[in-house]
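Asker: Just so you know, the sequences run in chain order A and B. Heads up: the first sequence begins at -5 in this note's numbering, then just goes up one per residue. Heads up: the second sequence begins at 34 in this note's numbering, then just goes up one per residue.
Among the hints, a few may not be true.
To be verified - Computed cross-link-like contacts, EDC-like style, restricted to lysine to aspartate or glutamate with a CA-CA straight-line distance of at most 20 Å: (1) B/Lys132 x A/Glu36; (2) B/Lys132 x A/Glu46; (3) B/Lys127 x A/Glu36; (4) A/Lys38 x B/Asp100; (5) A/Lys38 x B/Glu38.
Keep in mind the hints are simulated off the structure, nothing from the lab. Note that the structure is predicted; figures quoted are calculated from it, not measured.
Each chain, letter by letter, is given below.
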Amino acid sequence: GEEVAQTPKHLVRGEGQKAKLYCAPIKGHSYVFWYQQVLKNEFKFLISFQNENVFDETGMPKERFSAKCLPNSPCSLEIQATKLEDSAVYFCASSQLQTGRGTEAFFGQGTRLTVV
Amino acid sequence: KNQVEQSPQSLIILEGKNCTLQCNYTVSPFSNLRWYKQDTGRGPVSLTIMTFSENTKSNGRYTATLDADTKQSSLHITASQLSDSASYICVLHKAAGNKLTFGGGTRVLVKP
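Same shape as in the complex, but just chain B:
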């Protein structure tokens, strides 16, 4: 069973609208949680990195939240743009070792 589950699998939104992507994890303990954006045919690019003690982190129109009690994180995209069309991947770093555990991603399509 995957230790990082994301929902929804895919999402279509209209340009200018907001959306929220969910990430539930069972990885514990962990040292940090990341959100990556992956454009089609490209490598993932980091959006936010939160340590286990942080609750929220923003990067422009992207805001990530973390609730360590419920083991949930979310990524909120404000005022979506066509260039936001991509896969968004939730990634956890276990406390031990030096590797990242990836979720399956949410594919977002922004339509004009």
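Same shape as in the complex, but just chain A:
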């Protein structure tokens, strides 16, 4: 597709429930990134993929967060046993090449997760 598509737009989960977010990157883009945006606009890097391989997962809270990018499927970010502090907007971005080369990263519209 011509844009990064994220689903769902909104997600409400009770504390302790599982949440799963999806991202379809732009066709032909090899790199996928997940960011968490909490209040005050702070973006926190979670994880990046090069095709289906994890490229950098230094931002992932590994106890409850997991992510996958499988061939011919949307990428996914899953949160087991959600906590109130997980409430945020989760953005997915994709780029054709490594962003260190100055390649543009295109962001999706985000999924707003509210944990109640």
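Starting from the structure of chain A, add chain B where the hints point.
Answerer: Showing chain B alone in chain A's frame:
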């Protein structure tokens, strides 16, 4: 401490006026510096991308500057329009790795 600090946090300007947003960073070395515009409820959209060796880059009414000596960047908006109301985010790409480091953003409100 955040490695990318932006000022002011928010700004109100009248339509047609110019404004300048500031970004101070400590990320070093870095490969590129970006300015993004984020409308409410939307994802960020790239305005400019500058490598560490560039001093200025324009995109229509948006002009970004970079001073690597003082570790400062600015985004100048000329002849503001109501549609410029958004958050503007300064983002750095470290030289190592493949991830972006975001500033806290400046929220701009353009009033008629």
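Asker: All hints, please: hold or fail.
Answerer: Right, here's what the structure says about each hint:
1. B/Lys132 x A/Glu36: Within the cut-off at roughly 15 Å; holds.
2. B/Lys132 x A/Glu46: Roughly 17 Å separates the two Cα atoms, so the pair holds.
3. B/Lys127 x A/Glu36: 17 Å, holds
4. A/Lys38 x B/Asp100: 25 Å, violated
5. A/Lys38 x B/Glu38: 15 Å, holds
Violated hint: 4 only; the structure is consistent with all others.
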